[in-house]
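Colleague: If you're matching positions, the sequence shown starts at -19 in this note's numbering and goes up one per residue.
Derived from the structure by calculation, the hints contain no laboratory data. Don't take each hint at face value.
[As the list claims (entries may be wrong)] Under the rule of at most 16 Å between Cα atoms (straight-line distance), these lysine to aspartate or glutamate pairs were calculated in the EDC-like manner: (1) K73 x E4; (2) K73 x E(-4); (3) K73 x E(-6); (4) K73 x E(-5); (5) K73 x D(-1); (6) K73 x E(-8).
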Amino acid sequence: MTHEGRRTGRDETEEERADRMWGELIQEVRVAQTGVQILFGFLLTVVFQPKYATLARTDQLIYIVTVVLGACATGALIGPVSLHRLVSGRRVKPQAVRIASRLTFVGLVLLLATMTSSLLLILRVATHDGYVPYLVTAVVAWYLVCWYGLPLWARRRHTGDRP
């Protein structure tokens, strides 16, 4: 069966494909949701610790940015669940899958930003050394390789860059 002129690799209707893709997407979102919710929960407690008041203004600003990023990532990664609830039974699953997929991608980018700023804050407070930006850059590079580089390489190598 073709979809917009491309071979899907399966003999399934658009609705069957949407059902399969929805199930796969929800499994992926569960992994990311758990991580972002745990991270966000820990971030919310920091401001109530006595040491928070002693942080440099820059570190407090990094913390505020981190919490806002974490809140945005949480919203984006929980968004597909709400989307599904609100459109369930309305015969728009293929469109809902596309929207939820984009929302999940945005959530992953926001999660990357949240983890980056969290790491920056923790290492700044823990070490105060000049090598912190290099460590953070190395970890972000690792995330980019794992989350985007390898998947894009595999997609190009094994599918000829087909979606």
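Colleague: It remains to establish, for every hint, whether it holds in the given structure.
Modeller: These are the hints, each one checked on the structure:
1. K73 x E4: OK: K73 and E4 at ~13 Å, within 16 Å.
2. K73 x E(-4): Holds, at roughly 10 Å.
3. K73 x E(-6): Holds, because 9 Å separates the two Cα atoms, which is no more than 16 Å.
4. K73 x E(-5): holds (7 Å)
5. K73 x D(-1): holds (7 Å)
6. K73 x E(-8): holds (14 Å)
Consistency note: the structure conflicts with none of the earlier hints.
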